[in-house]
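Participant: Input sequences plus hints: build the corresponding full structure.
2 protein chains.
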Amino acid sequence: MSAGKAVIGQSGGPTAVINKSLVGFIKEATTRDFDEILGARHGLAGMLGEDFVDLSNLSESQLYGIAKTPAAALGSVRKKPTDNDIEQLISIFERQNIRSFYYIGGNDSAETAHLVAEGAKSIGYEMKAFHIPKTIDNDLLETDHCPGYGSAARFVAHAFQGDDADNRSLNGIKINVLMGRHAGWLTAASTLGKATEEDGPHLVYVPEKIFNIDTFIKEVKEVYESLGRCVVAVSEGVHNKDGEYFLQTYAGETGSGLAGKKDSHGNIQLSGSGALGDTLTNIISENIDGARVRADTFGYLQRSFLADISEVDAEEAERVGQYAVVVSEKEDTGSIILKRQFSDKYHCDVDLVGLEKVAKNTKAMPKEFLDENKPYVTNDFFEYAMPLTGGIEPKTQIFV
Amino acid sequence: MSAGKAVIGQSGGPTAVINKSLVGFIKEATTRDFDEILGARHGLAGMLGEDFVDLSNLSESQLYGIAKTPAAALGSVRKKPTDNDIEQLISIFERQNIRSFYYIGGNDSAETAHLVAEGAKSIGYEMKAFHIPKTIDNDLLETDHCPGYGSAARFVAHAFQGDDADNRSLNGIKINVLMGRHAGWLTAASTLGKATEEDGPHLVYVPEKIFNIDTFIKEVKEVYESLGRCVVAVSEGVHNKDGEYFLQTYAGETGSGLAGKKDSHGNIQLSGSGALGDTLTNIISENIDGARVRADTFGYLQRSFLADISEVDAEEAERVGQYAVVVSEKEDTGSIILKRQFSDKYHCDVDLVGLEKVAKNTKAMPKEFLDENKPYVTNDFFEYAMPLTGGIEPKTQIFV
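These protein sequence lines map, in sequence, to chains A and B. Heads up: the first sequence begins at 731 in our numbering, then just goes up one per residue. Heads up: the second sequence begins at 731 in our numbering, then just goes up one per residue.
The set of hints was computed from the structure by calculation and includes no laboratory data. Careful: at least some of the hints might be erroneous.
Same chains, same label: a pair holds when it works inside one copy or across any pair of copies.
Pairs of lysine to any residue, SDA-like flavour, derived with a Cα cap of 20 Å [stated by the list, open to error]:
(1) Lys809 / Gly902
(2) Lys1097 / Arg762
(3) Lys798 / Arg1022
(4) Lys939 / His912
All values reported here derive from a predicted model rather than from experimental measurement.
Facilitator: Structure (structure tokens):
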């Protein structure tokens, strides 16, 4: 039997280095004996519509260009396949003699790869199915961290360094809202460029802890009264004890017209809106007299800024893409993970785990990364996250 | 008579390279015979409170660190001096034997330097007063461009490159709101990283043109129907024919609770809020069925992001600071400007103009930089702005 064709797709929210994984995959795949190497436009949507790009004959300069470009070069999609989709997909794979399926994405993509593997098995069609991890949210199980996170964390750390200097210049209270619906990894990264305790962010609110608005006001007030200023990092996903997002519980009172708006999956829309930051700004303004209060929502820049990529992240992203091809020579299914090696110098090896271990669930920050007594991170988090950013130089040469 | 002391302050919204001007000043000033070189904390506020830092004895490594740090190392202030302030200031200068005043800032700072010069003259106190330009808004008269703009423009161009790739990945309509109350320079910079016509931003709305919401909806719809997606750049200061900001006219209808909120100068608060972007998102969502619509407000990152500085901007910022000292050997007052030399290779010389020419007014984009027929820039703008960014490499290696 020939090796058949290989197909690869990209899914979910893009990252700044997701195309490195694609290029790592292509470079390795072109050394193997696949009949064809197909890229599907917009992930599952392109596979179901047989909208393929031939990836076998790209020049070195094209590959270089793709690897340098953030976001999904093949286009992305947010789609959870139905039973019917999977059935249709397998029949397309059979007809096209596609024998290897690779899907770059988050836990939904691992789930999709799992469903493809199960679907093919159920009708006795021999094929391989692999998940290649990416997400700026860093919330996949099993892997030490997710490709895409290091660059996003680097952007956030650098953004806070500058924004903190800006806040020192003019004082006041600054609230920055970061991506992270279920986990605070990216919000926590806001601390990575701090040189001293007095540098911002001074307070870090993540979804791993219950968010209480009265405590929030009190904590902001305390820092503001002590330093004359306060820089705050808030995850978009902060929620109450019942798991309701803060914006849900405040919709229509002090927030923007967007509060409570739902996206096409029925999820509350948290990104692509300044509603949370503006609502918190209103509340703080009402509670702290005379303070200059501003909010920024870092938005899509966190996952797409191309001019400040982590070299470590970029290299690892390429490596997981490449390894998916290597490992598929001897294994049938699985999710690629990064395993941290405990030596003096930071290094992660690549490895494979079962798809079902990565599918569906998300990984929150562990307790030891979060301070028990205040809204802040621990040194353990610092040591975990810093190498992934490629290194952040502390900067605060300032007289105020 | 001895040279007396020199004092320098920073004022207004910081930039990523305003400290380069400070360092350029310090390096030159320490070679001269000033009795002392004082930095005032928070500009005028620090001068009036005699809150000074000695800038004479900083090490090379401190100067290097300061130059690398965005925002105002001495602290900034937003303060227009009253007659009484000026009187008090001159009496402090007299008592301290401060004979040279340097103020880094925008047109308000040029006005302050002018008032200081006039105030001193009126009582026969011999002193010098100079304005050193900075502003990301690029809206000062006389100078070819303002130090600070090139780095902000570079950040915006790079941010749009990534965000446009992100938009291609998932399609939909993306609205990005840029700083610029009176002039669209920064919003126009969003186009600088485009490789093809199909790259975003597709539409650019600046305060130089009247903003009409119905035309906006129509234009967004046209691009969306033609490309399946649309990336839009909007200046925070877009306004109607009566000069009313869009948010003012829409407050309370579809916008956020922050719409119409005023800052401490009685100006409508445009920055540090996602209100404009969210309001436009609501309106577009209501008018274009089924479209995925998102907004980001780039906020303070535009003026403070330290990891993607324009080298050209950094060098010029340092040079205007240095030149202020050089020129003050033979002149008494003035504002430093950059003058573009018309040769094959981009270069600006430094020069001096009267303070009154720079004070108070702002410079909008000239007609020849804006397309007459559509919300877009011209090639003339491109040629003007590109060198200031240090160069933006076009990037769109993408299959969708």
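Participant: Give a verdict on every hint.
Facilitator: Consistency of the hints with the structure:
no.: 1; hint: Lys809 / Gly902; verdict: between (43 Å within a copy, 15 Å between copies)
no.: 2; hint: Lys1097 / Arg762; verdict: neither (44 Å within a copy, 57 Å between copies)
no.: 3; hint: Lys798 / Arg1022; verdict: neither (39 Å within a copy, 26 Å between copies)
no.: 4; hint: Lys939 / His912; verdict: within (10 Å within a copy, 42 Å between copies)
Checked against the numbered hints given earlier, the structure breaks hints 2 and 3 and satisfies all the rest.
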